[in-house]
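Engineer: As a plain string of letters, each chain reads:
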Amino acid sequence: MIGQAAHSVAWLAKGVGVMANGFKKQSTKTARRVAVSYSYLAPTLVLMLIFLVVPIVMVIGYTFFDNVIVNKNPVFVGIKNYVSVLSDKSFWPAVGHTLYFVIISLIAHLLIGMVFALILNTRYLNYKTKALFRVLFALPWMFTASVIAIVWRMMMDPSGVLNYFLLTFHLADSKVLFLASRDLALFSVTLINIWSGYPFYMISILAGLQGVSTDLYEAAALDGANAPRTFFYITLPTIKPILVSLMMLDFIWTLQQFALIWMTTGGGPVNASEMVSTYIYKYAFTKYEYSMASTAAVILLIACTIIGIFYVRHQRSEA
Amino acid sequence: MVGKKKGYVKAIIIVILVIGTLWAGFPIFWMLDNSFKNNADIFTFPPTWFSKTFGFNAYIKIFQNPEEIRFFINSYVIAACVVVLTLFLGILAAYAFSRYDFPGKKIINTLIVSVQAVPPITLLIPYMSLIVSLKLYNTYFALIFTYLVTNLPYCILMTTGYLNTLPKALDEAVKIDGGSSWTALWKILMPTAIPGLVSVGMYTFMQAWNEYLFALSLTKTNSMRTVPVGINLLMGQHSYEWNQMMAMSVLGSIPVLLLFLFFQKYFIAGMTAGSVKS
Amino acid sequence: MRRKGFKKTMAMGLAGMMTVGLAACGGGTSESGSTQTSEAAAATEEAATEEAVSTEASSDVTLEFQQWWGVELPEGALDEICNEFTNQTGIKIETLSNPYADTKTQIAAGAAAGTMADVVGLDGSWVYDFAKQGAIANLTELMGNAGYDDSQLSDQIKFESNTYMIPVVNFAYPLYVNMDILKEAGVSEIPTTWSEFLDAAQKITDNTDAAAYFIPLNTEAPNGIQNQLSSWVWASGGNLLKDGQPNLSGNDTIAETVDLFKEMYEKGYLSPGIEALKEQDMVNEFENGRLAFMVDGISHLTTIKTESSDINFEFSTVPVKDGYTGQSGMDVANWGIGIAENCEHKEEAWQFVEYLMSPEVNAKLAQLANAFPGNSKAEPDYSSNDALFQKAYDIFQTGYAINEFTGAPTSEDLMRSFNEQFVLYIDGDVDSASSMLDAVQEAWIPAFSK
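Residue numbers (the working numbering), protein chains in the order written: chain X, 14 to 332; chain W, 2 to 279; chain G, 1461 to 1910.
Any given hint might turn out to be false.
To be verified - In silico DSS-like cross-links for lysine-lysine, where the CA-CA straight-line distance does not exceed 25 Å:
| # | chain 1 | residue 1 | chain 2 | residue 2 |
| --- | --- | --- | --- | --- |
| 1 | G | K1765 | X | K300 |
| 2 | G | K1824 | W | K62 |
| 3 | G | K1824 | G | K1765 |
| 4 | W | K62 | X | K143 |
| 5 | G | K1702 | G | K1765 |
| 6 | X | K141 | W | K176 |
| 7 | W | K106 | W | K7 |
As the list claims (entries may be wrong) - Anything over 12 Å on all C-beta distances counts as not near chain X; from chain W, calculated:
| # | residue |
| --- | --- |
| 8 | F55 |
| 9 | R71 |
| 10 | F261 |
If you are wondering where the hints come from, they were derived from the structure by calculation, not from laboratory data.
For clarity, every value in this text was computed on a predicted model and none was experimentally measured.
Each residue gets a CB set at the ideal place from its N, CA and C atoms; glycine is no exception.
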């Protein structure tokens, strides 16, 4: 193993050398700059090529064949798999649930993150109080998805602590089936996801708020602007770039959420909380239809890439 | 009049702080509380707050099990390697993006952003075959490379943004003095960029520390597994070892919490500089 | 000049970076050096051989044995059995023991990527798919090569008339009864028919805080359909399949069972929230004294005894339909064994399987696991087992073993589609049991016709 790694070190280093050498012969300044920039990029590009581009190409390849892996000699079937997935009656509900999950999560993340960040940025609190609550409010971010799923499953159990509160304070007449009811399951997993995801917004927005120049606030105060006006005319425009970046990244991350859903409801009851990610998993690992799973995955990939392109455009327009 | 308004605002703030504390803190308090209980007491209804069986049994069990200690060591080694490598490669790439113009820059940039959009579960099957054929299956390298490539894009994007905020005059000065771009990068730019790097590094550490799906699929023996997988291994076929799972979750989040406490000043400063546009 | 400097620094930097990485990673790897040497995955066969050569200077065969049994047996018991095999043959066994669910994910992923361990513990419900994928080896062939007399095996799980899995030990699924709850509810006899069961359930609901019965319906692990529902069908002599094809449409026994469960659901006899709960939650409820009856494997006997020593429980047969007098089928699960197709030492692997199936070893395994042996000549000495186990053994003798999901195609998916339709039905979205079963039949047919 180590030998192999050492070998790849040598290979990489050699690659860099060859690149630099290759470009040495052309003596124009541009060529040198190209050589230098590509040698800085080379390790990243090589790794991404091997570990990301190759598997992606393989997955795309799978989608054009009849049941790969299970069949030893898969047959080329064209776009048949795409037709089957898109016309599968359980695919579209999964898409709908995913959109609900993603959109509600995004809005709630933004609102909660914003409120907490604004509170932690007020002049009414002293430094120590702010530091304390900053850590406290960021806590949900420190846990891995499986832990979050376990804790919330425990709390949302019919005999769990949430039901105890609801019954004790007469907020409910009978035990609420957070995860077991088809009407509530999707909402419940979304709630869990909101809990686990808002701190990233809070911290990023807080960072952005601290970057807002105090001169602007002073000027606004002189003009007699009230708090909401200050917020909408000064704060919000200043941190808008951060918000847009955050939401685009979060969109992509939430769309891919799997562990949280799988470990709480498994996509059920029936298909009440089925997402595209659990749909893919079931096709691959319980139906053993890898081609269909790959096809659904590629559809998700295409959707994500479109968002990715918007993201790049946004980044560029900011730059 | 003004004082009254101030008091009103303060009241609202206090209410929000209380609600926020319950919302953010209660599930974690509950986890902590249950880690001190006996397995059978966890599901009593109505719940017990401080159980008769309060004790460190679950923690002792974990510390007595060399296998579970091993999960922690593995997670540290892997996360540390991933942070070092990601930052190193990310800085190099970001430097190229920030300081040079070269053909293909736009395409490569788009590519690097788009690959973030690839759902990891999509890649599981071909990725496993790839890891097997590279003979990396069930080694640290399998996980290190995986987390490296998945975290590189974010690292490059943030670091590029950060480097863009540093004036080009800085590296010009080095070059005028006869230094190479390499010297400019490491001697001048990097020391200035430390807060931004800390924030990226923390993010990377957390991603590597918390990942579950690939950690499970790319390893076979318990000697190669990480904390999130270890927590899941406590869900036996018969019954869950709830208290141990809770205890392990608590232990598993301590390093992340410590890092956050230690670096939070840098972290927030880094986020500001990296995400507020250049 | 400058460029040369750059090139040098760059190369050194890269090397330096890799060294940092290696130093940190290497620390961990070499630390596990001893285990690594023997464990070195089947996937890295060449590496494994190299290491074996360098450290042991012999070409001994090491087989990996991946299963969930080691976790469930008394600590160290499985390793002891495997060490005995090594003493006899010189073939080393590396046990990879993880809980059931994890083992399953690993083996499924391993089957797809060709990284399965040499010898694998199998559940009957996985066999069809792995055999079809060509991930597990044809045992009929291996038995033939070894000249093995298979008449002593109590069962073999086949795919296209060849054996791919041999059940090593079998577990029955009797009815667990919490006698304290029955007493509190005023139920004097353990119910043996459906109507007696409903009466008892009504009393339990009226007089105690406990639930009468539990069927886990979480879609992540849909085996509640197999163990907590189909077990009732089998007990009353019913079948889900006929001639290896789905037989749900117009099947009265299943329809009546489904209606019985719907009645229990509507009358509040079942624990709340079962749609999101799993088998482990059911055991939790039982251990906490909140559940009067459950159908569960006798393998859980020891755990339940130790977790909640204050609960007084009994074993009984699953209640049968009123008026049914025939023999009862009893749900069984098994620890099956198979050999990976990618195993390079199939002969040795078969030797190991033969060892585990030999009467003495098999008897010992069965005794340790609270199970029944897979070798019909094995005579386990159960005298040290719990008295309750003896009772379960007696119950088991009165009926016959059955599990129609064993060896069925995409079993877990079959259970899941049954689960989904069943939840729709008890929720009132489907108007009758027969139309629910029609829907399940429709969902099952494609899997069987492939």
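Engineer: What are the numbers of the hints that this structure violates, sorted from low to high?
Structural biologist: Result: hints 1, 2, 4, 5, 6, 7, 10 break, sorted rising.
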